[in-house]
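Go ahead and model the full structure; you've got the sequences and the hints to work with.
Protein chains in written order, with my numbering: chain A, 1 to 476; chain B, 1 to 44.
The reader is advised that the hints may include incorrect statements.
[Unchecked claim] Just so you have them, the derived chain B footprint on chain A, three or more residues with Cβ under 8 angstroms:
(1) 98-108
(2) 170-177
(3) 405-415
[What the hints assert, rightly or not] Only pairs whose alpha carbons sit at most 16 angstroms apart, straight line, appear in this in silico EDC-like list of lysine to aspartate or glutamate:
(4) A:Lys72 x B:Glu27
(5) B:Lys10 x A:Glu169
(6) B:Lys10 x A:Glu110
No lab work stands behind these hints, which were simulated from the structure alone. Since we're looking at a predicted model, the values are computed, not measured. Built from N, CA and C at the ideal position, the CB exists for glycine as well.
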Amino acid sequence: MEYTTKLMYQSNYWYNDGLKKANIRDMSGAVTSLRRSLQYNRENVAARNLLGLVYYGRGDVVEALVEWILSKNFQSEDNIADYYIGRIQEVPGELESINQAVKLFNQSIELAGQNGEDLAIIQLKKAIAAHPSYVKAHQLLALLYIQTGQFSAARKELRTAHKLDTTDEITLRYMHEITQIRKSRPSRARDRGKGGEEKQEQTVTYNIGNETIIQPASSVFKENSGLHTFLNIAVGVLVGAAVMWFLIMPAVSVGRQKKLNEQVVSFSDRIATQEAQISALKTELDDYRANSEESEDLKAQSASTQESYEIVLEVARHLSAEDMGDKEMMEQMLKVSPDSLGKTGRQRYDEVADTLFPRMCEKLYKTAREEYEAGDYDEALSSLEKVVKMDEGYQDGNALLLLAQTFEKKGEQDKANIRYQKLVEKYKGKEASQKAQKALDGQNEKKDTKDKDGRDGQDNQDDQDDEGGQDDNKDS
Amino acid sequence: MLDFAEELKKFQPSLEVEDIEGAVYQEDLTDMTDILREMIEQTK
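Now the structure itself:
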């Protein structure tokens, strides 16, 4: 057999092997077999196309395109590579997103080499999100998770990579490594739930999609969420009450107090105003009363004046007619207030008085002296008062003197002294005045003597008391 | 235990779309036929 035929057979053999492996998703094995196939025959278009397909299945899209382009180079007509290339270019932007994923992967390799594991993880997550079948990205991400201790996340990535390529050496080795690590930590409690949740001593890690959630493990305290909620509510109520008491209530009290103060001020103003009004009204009332009293006085005075006029006219008429006794006329005339009369009335009064009063004074004075000497002081007083009223200075004040003496006899010394004093002041030089003065002097002497006797008596009493006290001391 | 640095070295940057042309030209397409031909020529 020609060696070319043998080479073709070998190439086909390895192509078939690669095909079998590709069918069971043994991508790494398929790549090896197919590359071997192409080593025997580089123009094995089928092998090359399948190799491209395997590369595409692993997420190495650019490598797949290279193989398909080379395939087209060897067989430009009736080549399924056209279809594959067309499918990739069919969806606009898909190739670009894959290209972006490749760039992110390349960046992640650099970041990981510069101790930027966290950033590399972020970039790889983006790359995987854009290109989920990218095996290398899953593997690198798993490596980074292992490096950062996120074994659950690493396991998840490796599972995905394993599904895409079941015999990838890196995937299998990393999975073995994780298993070894898990076995080397027997104290850790492992609890796998349906969602792949693992409980650790202090954290709970679980995965949702491509995201890994790590949260602190719930403690007994936190698991009692009802009690916790109740306590929170109680604390909140207490804090609210404290805020109310210390912050809001004083402000409210101040506001109320201010209102009250304003009301008090307002009421005080009103009270002051009303008091002022009351005072003004009182003053006005007093004025009215005073005016009323004045009016009453004026009225009384008017009545008195009228009465006086009538009496004067009446007495004048009787005096002319001589149809009334002097005593009766005198009684009437004594009722008259001479000062209230006008000029004409006064003139008329004086005329009557000048006619009537002298003779009546004489009669009454004589009667009064007799009554005085008889000891009938009351009657004497009555007569003398009439005399003095008619003529105060009758007989140079002797009538007034006799009146004072009558008061003195009756024991009404004060009234007597008033008359005496009047005589002394108004009738100086007259005999009556001198007698009045003597009477007053006599009273002063009596008073001095009485006071002196009173003082001597008190001194003697004091001396007697002192002597008595000394005797008592001697006896004791 | 994995050696992170060593493992990281195994990850080579992937080809980007812009590198397709270069990769196609650089692809080694030598197969057994070429090798045998060389061997025959060498023996000649």
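Right, here's what the structure says about each hint:
1. Given a C-beta distance limit of less than 8 angstroms, the hint that chain B covers the region 98-108 of chain A holds, as 6 residues qualify and 3 suffice.
2. Using a Cβ-Cβ cut-off of 8 angstroms, 4 residues of the region 170-177 of chain A lie near chain B, which meets the minimum of three, so the contact claim holds.
3. Coverage of the region 405-415 of chain A by chain B is violated in this model, with 0 residues showing a Cβ closer than 8 angstroms to a Cβ of that chain against a need of three.
4. Note on Lys72 of chain A and Glu27 of chain B: the hinted pairing holds, with a Cα-Cα distance of about 14 angstroms set against a maximum of 16 angstroms.
5. About 12 angstroms separates the Cα atoms of Lys10 of chain B and Glu169 of chain A, which keeps this hinted pair within 16 angstroms; it holds.
6. Between the alpha carbons of Lys10 of chain B and Glu110 of chain A the distance comes to roughly 13 angstroms, so the proposed pair stays at or under 16 angstroms and holds.
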